[in-house]
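Respectively, the protein sequence lines represent chains A and B.
According to the numbering used here, the first sequence is numbered sequentially starting from 1.
According to the numbering used here, the second sequence is numbered sequentially starting from 1.
The set of hints was computed from the structure by calculation and includes no laboratory data.
We treat Cβ as the ideally placed atom computed from N, Cα and C, and that holds for glycine.
Keep in mind that the hints are not guaranteed to be accurate.
Claimed, not checked - Computed beta-carbon distance windows for the label pairs:
| no. | chain 1 | residue 1 | chain 2 | residue 2 | range |
| --- | --- | --- | --- | --- | --- |
| 1 | B | A201 | A | R57 | 46 to 56 Å |
| 2 | A | S91 | B | E167 | 36 to 46 Å |
| 3 | A | V19 | B | R22 | 50 to 60 Å |
| 4 | A | A74 | B | P163 | 29 to 39 Å |
| 5 | B | G189 | A | P79 | 23 to 33 Å |
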Amino acid sequence: MARKRTNPPRQTQARGARVVSAYLENADVFRTAKSTGTKPNGPAVLVLKNRPDFDKRDFDRKARDLQRLGQDGALKKAPSDRDSNKVYDPSTGKRRTRTNVYRDRMIRGLTKDGRLTQDMGTPETNKYLANKNVVERLYAGKGPITARGQGYDPDHIQELQLDGTDTYDNLRPMDAWTNRQLGSDISVALRDVPEGTPVIVKVIP
Amino acid sequence: MTSPQDPARLDRIREKLALLRRLEAERGFGVVIGEPTPLEPIPDLPGVAEVYSLFGGLAGDNFRFDPPEAIRSPAAWAGRTVDEDDPMGSPLAIGNEVHSIPPRLRGEIAAGAPIYLDTEDLDVYWMEPDDYVFQYEHPDEDVEFTVIAPDVATFFDEHVLGPAYPELVAVVLGPGVRDQRLRKGRHAGEHADSWRRLLIAADLAS
Numbered sequence: 001m002a003r004k005r006t007n008p009p010r011q012t013q014a015r016g017a018r019v020v021s022a023y024l025e026n027a028d029v030f031r032t033a034k035s036t037g038t039k040p041n042g043p044a045v046l047v048l049k050n051r052p053d054f055d056k057r058d059f060d061r062k063a064r065d066l067q068r069l070g071q072d073g074a075l076k077k078a079p080s081d082r083d084s085n086k087v088y089d090p091s092t093g094k095r096r097t098r099t100n101v102y103r104d105r106m107i108r109g110l111t112k113d114g115r116l117t118q119d120m121g122t123p124e125t126n127k128y129l130a131n132k133n134v135v136e137r138l139y140a141g142k143g144p145i146t147a148r149g150q151g152y153d154p155d156h157i158q159e160l161q162l163d164g165t166d167t168y169d170n171l172r173p174m175d176a177w178t179n180r181q182l183g184s185d186i187s188v189a190l191r192d193v194p195e196g197t198p199v200i201v202k203v204i205p
Numbered sequence: 001m002t003s004p005q006d007p008a009r010l011d012r013i014r015e016k017l018a019l020l021r022r023l024e025a026e027r028g029f030g031v032v033i034g035e036p037t038p039l040e041p042i043p044d045l046p047g048v049a050e051v052y053s054l055f056g057g058l059a060g061d062n063f064r065f066d067p068p069e070a071i072r073s074p075a076a077w078a079g080r081t082v083d084e085d086d087p088m089g090s091p092l093a094i095g096n097e098v099h100s101i102p103p104r105l106r107g108e109i110a111a112g113a114p115i116y117l118d119t120e121d122l123d124v125y126w127m128e129p130d131d132y133v134f135q136y137e138h139p140d141e142d143v144e145f146t147v148i149a150p151d152v153a154t155f156f157d158e159h160v161l162g163p164a165y166p167e168l169v170a171v172v173l174g175p176g177v178r179d180q181r182l183r184k185g186r187h188a189g190e191h192a193d194s195w196r197r198l199l200i201a202a203d204l205a206s
């Protein structure tokens with residue numbers, strides 16, 4: 001039986017103070033415009049801030065890319081459409097997302113004939129163990145993650161909600177905790193921003 | 001509707017497990033059916049520890065069900081990590097698909113995508129991994145998931161050890177996997193999934 005969530009979305013639930021990794025510098029402009037039904041002028045200024053629980057390298061890379069894309073005028077608020085680009089998998093009879101296919105391709109690339117590839121060394125060598133660790137983290141990213149370093153997610157370099165494309169060349173692996181928390185904070189920060197509004201990004205390292 | 005702790009249902013699961021253990025010992029389907037392992041009941045999760053107490057773990061070609069670490073004792077449950085930001089309410093993974101893991105790697109890789117237990121209403125449900133991540137990243141959106149059973153006891157009785165097993169495979173892995181048959185070998189023409197062959201041999205599923 002297909003069902004949707006019945007509990008309220010985050011931040012409408014009672015909860016304690018929390019450090020956010022993304023907020024709008026000019027949030028009041030968009031809140032006022034939304035309540036008065038007017039159209040705000042100018043771009044939304046999205047501020048990204050690293051958190052101690054994040055993978056710093058992955059955060060920095062993501063934030064730098066979004067900052068550059070914002071400077072290039074490529075970012076605007078958009079609906080996150082990941083359904084129209086799904087692919088049919090004849091072996092399972094299911095439609096799969098691009099991120100799903102991307103994750104499995106990475107796993108296949110790291111394994112060969114159903115084994116961890118021998119060119120990555122033997123079970124006694126660091127190369128093999130590192131390779132195995134990546135495969136384990138890719139699988140772990142299929143489920144809940146509670147801390148940095150537990151799993152990898154395929155991440156849209158230019159977020160779908162910032163008009164990115166759901167294509168393989170816009171995907172790369174990212175620490176799952178950092179990806180999910182940052183993505184969620186960006187989504188909440190852009191809640192009052194009308195679709196089509198240009199977005200620029202500032203980064204607090 | 002039966003209670004999650006319905007003794008008749010627990011007895012039925014126990015009987016099915018005994019039958020399957022015997023068939024596995026006789027005919028060697030290649031599945032794992034662990035021996036009973038007593039677990040202390042978790043008051044927040046009526047029926048859950050009671051069901052897992054009936055087997056140490058179950059594993060076939062498509063799924064693996066081991067008692068989650070968080071239910072191994074009331075203390076473990078009290079000390080579990082809860083993600084306050086999880087829009088699905090920090091569900092408990094009660095088992096995993098292993099179909100996506102190459103067979104030769106199943107001893108090395110912990111698990112594939114999880115099957116969830118909602119720790120509030122005790123529903124057992126499946127959510128595509130990418131849908132779960134999308135829901136996490138977009139808490140204002142409402143992403144669909146599939147409720148498989150109203151509680152863990154019903155889930156194991158009907159969907160793991162009973163007639164709804166093919167439906168479980170179709171929901172989690174796809175109808176193509178449900179219908180896969182072996183092309184060669186002594187079991188040619190039979191279902192590729194050893195767990196399903198075992199259930200058919202026990203007359204518990206078709």
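Here is what the structure says about each hint:
Look at B/A201 against A/R57: about 52 Å separates their beta carbons, and that is inside 46 to 56 Å. Between A/S91 and B/E167 the CB atoms are about 19 Å apart, so this pair departs from the stated range of 36 to 46 Å. Judged by the Cβ atoms, the range 50 to 60 Å given for A/V19 and B/R22 holds: they are separated by roughly 56 Å. For the pair A/A74 and B/P163, the beta carbons lie near 53 Å from each other, so the given range of 29 to 39 Å is not met.
Against the hinted window of 23 to 33 Å, the Cβ-Cβ separation of B/G189 and A/P79 comes to about 48 Å, which falls outside the hint.
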